[in-house]
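Between the sequences and the hints, there should be enough to build the whole structure, so can you do that?
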Amino acid sequence: KQEVTQIPAALSVPEGENLVLNCSFTDSAIYNLQWFRQDPGKGLTSLLLIQSSQREQTSGRLNASLDKSSGRSTLYIAASQPGDSATYLCAVRHYNYGQNFVFGPGTRLSVLP
Amino acid sequence: EPEVTQTPSHQVTQMGQEVILRCVPISNHLYFYWYRQILGQKVEFLVSFYNNEISEKSEIFDDQFSVERPDGSNFTLKIRSTKLEDSAMYFCASLAGLTKNIQYFGAGTRLSVL
Numbered sequence: 001k002q003e004v005t006q007i008p009a010a011l012s013v014p015e016g017e018n019l020v021l022n023c024s025f026t027d028s029a030i031y032n033l034q035w036f037r038q039d040p041g042k043g044l045t046s047l048l049l050i051q052s053s054q055r056e057q058t059s060g061r062l063n064a065s066l067d068k069s070s071g072r073s074t075l076y077i078a079a080s081q082p083g084d085s086a087t088y089l090c091a092v093r094h095y096n097y098g099q100n101f102v103f104g105p106g107t108r109l110s111v112l113p
Numbered sequence: 114e115p116e117v118t119q120t121p122s123h124q125v126t127q128m129g130q131e132v133i134l135r136c137v138p139i140s141n142h143l144y145f146y147w148y149r150q151i152l153g154q155k156v157e158f159l160v161s162f163y164n165n166e167i168s169e170k171s172e173i174f175d176d177q178f179s180v181e182r183p184d185g186s187n188f189t190l191k192i193r194s195t196k197l198e199d200s201a202m203y204f205c206a207s208l209a210g211l212t213k214n215i216q217y218f219g220a221g222t223r224l225s226v227l
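Protein chains in written order, with the working numbering: chain S, 1 to 113; chain G, 114 to 227.
It is possible that some hints are incorrect.
Claimed, not checked - Restricting the straight-line Cα-Cα distance to at most 30 Å, the calculated cross-link-like pairs of lysine-lysine (BS3-like) are:
{"no.": "1", "chain 1": "G", "residue 1": "Lys191", "chain 2": "G", "residue 2": "Lys170"}
{"no.": "2", "chain 1": "G", "residue 1": "Lys191", "chain 2": "S", "residue 2": "Lys68"}
{"no.": "3", "chain 1": "S", "residue 1": "Lys1", "chain 2": "G", "residue 2": "Lys170"}
{"no.": "4", "chain 1": "G", "residue 1": "Lys191", "chain 2": "G", "residue 2": "Lys155"}
{"no.": "5", "chain 1": "S", "residue 1": "Lys68", "chain 2": "S", "residue 2": "Lys1"}
{"no.": "6", "chain 1": "S", "residue 1": "Lys42", "chain 2": "G", "residue 2": "Lys170"}
{"no.": "7", "chain 1": "G", "residue 1": "Lys170", "chain 2": "G", "residue 2": "Lys155"}
{"no.": "8", "chain 1": "G", "residue 1": "Lys155", "chain 2": "G", "residue 2": "Lys196"}
{"no.": "9", "chain 1": "G", "residue 1": "Lys155", "chain 2": "S", "residue 2": "Lys1"}
{"no.": "10", "chain 1": "S", "residue 1": "Lys68", "chain 2": "G", "residue 2": "Lys196"}
{"no.": "11", "chain 1": "G", "residue 1": "Lys196", "chain 2": "S", "residue 2": "Lys1"}
Bear in mind the hints are in silico, worked out from the structure with no lab data behind them.
This is the structure:
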């Protein structure tokens with residue numbers, strides 16, 4: 001059974017800092033991995049999708065990497081801003097019928113002005 | 114940017130009542146999903162739907178739950194007799210096809226069972 005963990009559970013940084021969020025998964029037979037952002041009480045906003053054959057994806061100040069063999073992904077946020085404050089979730093999809101996501105518990109990020 | 118629409122945004126119901134949560138997936142998408150998130154917990158998969166039938170369901174999705182695509186555009190989740198522990202945020206998602214990889218999520222319906 002796939003398990004997804006994220007560390008740290010919470011992170012507080014001053015504005016302008018670069019930071020890294022970590023995601024680990026137990027079964028490397030994934031189809032892809034997606035990073036989401038969730039604001040309190042809100043839905044899920046897709047940030048980056050990495051296919052199993054890819055090593056990284058970039059969008060603006062965000063960079064996500066994937067090391068499938070070791071079961072790890074990182075989300076790098078450059079020059080953090082208070083507007084980046086949210087919970088960041090990673091989720092993996094398997095090579096199974098239906099291809100639903102298995103989500104991690106999230107990292108709650110606070111960027112202080 | 115295409116989007117998945119969910120209604121209502123917040124549903125309050127009494128324990129034992131039936132509720133129907135509604136979703137309009139992105140048109141021309143073929144795969145549909147329901148997830149839920151109990152406050153403070155992980156997002157959990159409930160069910161996936163393809164070609165007018167359930168393709169996969171989790172152990173959470175018991176006989177109290179059902180899904181339907183009644184008219185080719187809406188995708189509904191019905192809870193027959195709500196329990197207190199059904200209180201959660203419910204997310205709908207859709208996927209164009211297995212080679213189109215981004216699963217788009219709706220904004221969610223917050224279900225409060227009193």
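Here is how each hint holds up against the structure:
For the hint linking Lys191(G) to Lys170(G), the alpha-carbon distance of about 14 Å falls within 30 Å, and the restraint holds. Between the alpha carbons of Lys191(G) and Lys68(S) the distance comes to roughly 37 Å, so the proposed pair goes past 30 Å and is violated. A distance of roughly 14 Å separates the Cα atoms of Lys1(S) and Lys170(G); the hinted pair therefore holds under the 30 Å criterion. For the hint linking Lys191(G) to Lys155(G), the alpha-carbon distance of about 21 Å falls within 30 Å, and the restraint holds.
Only pairs whose Cα atoms come within 30 Å are accepted, and Lys68(S) paired with Lys1(S) is accepted, the gap being roughly 16 Å. At roughly 24 Å between alpha-carbon atoms, Lys42(S) and Lys170(G) fall within 30 Å of each other, so this suggested pair holds. Distance check on the hinted pair: Lys170(G) and Lys155(G) sit about 17 Å apart at the alpha-carbon level, within 30 Å; holds. Between Lys155(G) and Lys196(G) the CA atoms are separated by roughly 19 Å; this keeps the pair inside 30 Å, and the hint holds.
As the CA atoms of Lys155(G) and Lys1(S) are separated by approximately 16 Å, the hinted pair is consistent with the 30 Å bound. Proximity of Lys68(S) to Lys196(G) is assessed by CA-CA distance (about 40 Å); at most 30 Å being required, the pair is judged violated. Between Lys196(G) and Lys1(S), the direct Cα distance comes to roughly 28 Å. Compliance with the 30 Å bound is thereby established for this hinted pair.
The structure is inconsistent with the numbered hints 2, 10, although it conforms to all the rest.
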